[in-house]
Amino acid sequence: MGPVQAGAVVLAQQPVEPPPIEYAAIAPVLLMLTAACVGVIVEAFLPRHQRWSVQVGLSLLTLVVAGVALGAYARGAGTGLTTLAGTIAVDTPTLFLWGTLLALGFASILLIADRSVEQGGAFVAESDASSGSSGLGASSGLSASSGPARGATADSSAPSPTMTRATAGVSGMRTEVFPLAMFSLSGMMVFCAANDLLTMFIALEVLSLPLYLLCGLAKRRRLLSQEAAVKYFLLGAFASAFFLYGLALLYGYSGSVKLAAISEATAGSDRSDTLLFAGIGLLVVGLLFKASVGPFHAWTPDVYHGAPTAVTGFMAACTKVAAFGAILRVLQVALEASSWEWHYVLWTVAVLSMLIGVVLGLTQTDIKRMIAYSSIAHAGFLLVGAIALTDRGLSGTLFYLLAYGFTTVAVFGVISLVRTSEGEATHLSGWAGLAKRSPLVAAVFTFLLLALAGIPMTSGFMGKFYVFSAAVTDGMVPLVVIALVASAAAAFFYLRVIVLMYFNEPAADGPTVSVPGAFTTAAITLGVVVTLLLGVLPTLAWNWANVGGFVS
Amino acid sequence: MTLLLALILVPLVGAVVVGLLRGTDRAAKLTALAFSLAELVIAAAAWGGYDPAGPRMQLTSSVEWIPAFGIELSFGVDGIALVMIAVIALLMPLVLGFSWGERLPRGRTHGGFFSLLLVEQALTVAVFAATDVFVFYVLFEIMLIPMYFLIGGYGGPRRRYAAVKFFLYSFLGGLIMLASALGAYAYAVEVTGQGTFDWATLTRVLGQAPTSVQVWIFLGFFLAFAIKAPLVPFHTWLPDATEQAPIGVVVIVVGVLDKVGTFGFLRYSLPLTPEASQLLAPLVLVLAVIGVLYGSLQAYGQTDLKRFLAYVSIAHFGFMALGIFAFSTQAMVGAASYMVNHSIATGMLVLVVGLIIARGGSTRIADYGGMSGVTPLLGGMLLVAGLSTLSLPGTNSFVSEFLVLIGSFPTRPVYTILATVGMILAAVYVLWLYQRVMQGPVSGDALVGAAKGPGATADPNTLSRPGGRHAVIGDLGPRELGVLAPLVVLVIGLGIYPEPMLDVITPSVEATMSEVGVTDPVAPQGGN
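Protein chains in written order, with UniProt numbering: chain A, 1 to 552; chain B, 1 to 528.
Just so you know, not all the hints are guaranteed correct.
To be verified - Listing some non-contacts, in silico: residues in chain B with all C-beta distances to chain A over 12 Å:
{"no.": "1", "residue": "T24"}
{"no.": "2", "residue": "A38"}
{"no.": "3", "residue": "I71"}
{"no.": "4", "residue": "G517"}
Said to hold, decoys possible - Sample of chain B residues facing chain A (criterion: CB under 7 Å; computed from the structure):
{"no.": "5", "residue": "V164"}
{"no.": "6", "residue": "L172"}
{"no.": "7", "residue": "P486"}
Source of the hints: derived by calculation from the structure; they are not laboratory data. The beta carbon of each residue, even a glycine, is placed where N, CA and C say it ideally should be.
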């Protein structure tokens, strides 16, 4: 406690000089946080029937305004600056990531706001809230994989499913999801701009805690949803602990939590490498967990499966962006000098992630779990770009994140449309012959799957091309060859869905495709248009992603 | 806009128009045919405007696409690409004509079928026309998608398996090729400080690269092309695809799509990595000769007509690979003209077999016998196609096969002698097929039982009479004759007078030879 006391003494003696703050630079984050707080107040004071429209309007408007503020600032911004006493770095990658997050957030909020596909919205209704939590307590011992988990409501004294549906239409969904999502987004924005590890940790918590809650709010299949939330929370807590422990060790090694100071310390010192290695290891594990890179992926399939589909889309797209933004910054700013120490470790992790994603993805029979494993494989591809410590690697990874995010949001948008009377038909067998019933939805989904598989003329291919070309230029040819073979193998499970949709006869009592409401239509259209546009004219986004590196 | 861009865009526009036609199926069919005939006219004009003595690439055009990586949407043709584009333009109206009355799986329309065929045509033309390695790769992969839907949507009972297998094989090969293209790009960055995917620049830069670099790049491209033009260990997708795909699609697969592989050897493998090509030529030659012998023996042993077609093609692709990697002008001209002649001869064979299957309703060879007595014209057509397939002198294939063998002998005598055995085997499998299907007494379930099946037009009573062969199956109709007649003309015409085609091909082959940096072993003066 010695240094702290000494510091307090110094503070007491000298007039406090507040650090200068570049308000224009961090305006998007401030706007988002303000809107989230206002959302909480709205929740407390507005009458129930007005909340939904106010929350949706507030969220979407804030995202647009924040985007405009970001654009206005980016126009005149130089190579970047640090502000808030060096804890936040607003450089060109940050601006790109923020723009990506705001745009993906916009699409995700559209998905979340939809109330026409699922009557009243996909989230637990107001009247259900108490029964939901008691259901968790009463049935926590049940296995969630046993069918469509209606057991939760049957176990407790909650209303029957039919009643749930009936009341849902009246009372609407819990509108807390909007401020929660906004808080989470703000956390993500800070996460990928954080210039010291402590800020990064706090941002990690700000982005994670609302996500844990959001996962548990599904109106249907409550047990599955709540299991997902608990799993995500427990494993996420572990990951946070890893991150914090690694942070502490790195602090012990370098005497600072600032990324730049860590970089200096690693560049040339005779300090104990044990602290450094253990610190890097633990820190990176925490980050890889958030990015759902295998072998730290165990939560991904369950959480993607259990969470409400709109939230899964939000999580899959935005969390991936934020986590890889942070990974890129930590690797390039703090750990570049020690890259030879960890390079082959992450090389191996990337291969493992691709293998796990592809091999386990091949065996899945549920479309949401399949996309979850696909996201693990994609995390491996992204890591290939992230460990190519060059400008091309950085901008390639940024482009990939943008491309992947939009495709993923649209994928989950489409998944939410294919339904039976029981809810979403996520089992693959339900998708048989979809092209006969709804050719447009099948065509859109096929296009998105081809983008995930990385077929040319889609953004998915351009992302892979940028990332892999950077890796080849950086001398990682074997890794790229492995990644390309993994891409080919992954193509199989996307093709399998296309085969199902086009070349199989529909089942007699198969699911139907709901007519999407304006919100979902907008989100899917946005995702598809961006996927196509970035595939045909990648230069649009590439020029933006390729303007400069990190500052610290 | 150059004629070449028109050649790419016309089928594409046609596909959209046909796809949007919501009226009758007949209107869609006629529109598709009109567009394919327009394409043929433009192709003829492009051929007419091509100057064999002119620059290496003609009808060029270029638009910037991804400047950060030096990628341009650039197109242009040399003689080899031009003749291949002409072949596609020629085959497409015939395929449409053939598929006019094809019975499609339930719920499918001819409009959708023809629309996909036109898309495939546009993409294949573009693949042959691309002069940017990146653009070539992009088209090489996208080309798979319409074909995937053509096989998977309109094929036989195991079409899903065949379509996925086809797609995954080609996709994997393409991705490995992408690794090589990225390697070539990275090497260009290292040497010139400026990345590019331009074919001409990469040829110049990589030609000077050390052999070790070239070998890796060669192997990536080679794998993609060896899968595409199936060389033997990589061929297993083709029999499945031909067995399951509708006949019209089979013509496109073996006639055009597979040629992208041999074309890739000529345009990309040899000029980009000349040293590695020569160093690793024995590897390719071994695979080529194995392909010739294995394909021939398999063709001989097949009990299924459509799988027979696949193995015939595999044997012929062996000849082409032999001609390309023998490194003599004569053999290479032979191989390049074989690409055209194989499309014509095998295309005709596939169509004739399709007509046989349409009559018998079965793909098993054992279900046929003595057909020429019933359908003499069809029998004659099978004979013409078969004789061209076995390279009888006077047919078009003979010219090419002879050039390949005579050109390869001075440089690669052992491989050539082994491949010559393939010529004998070709005679065996073709004549054996002809004998089983056409000769002898009318027999086999398909012919005798045809009238019993659903959709039969003949009176079942006529069959119960011994020798009641006349009423069962009709001979070629006017539409079918119209489809086959141009091919007969070409088979014989190009067999007797191949000069127009060879004149276009030869300068491009000579340019390729000089890019590889080899000279013909036999001096023109005959000094030796």
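Do the hints match the structure? See the list:
no.	hint	in the structure
1	T24	holds (19 Å)
2	A38	holds (25 Å)
3	I71	violated (10 Å)
4	G517	holds (26 Å)
5	V164	holds (5 Å)
6	L172	holds (4 Å)
7	P486	violated (34 Å)
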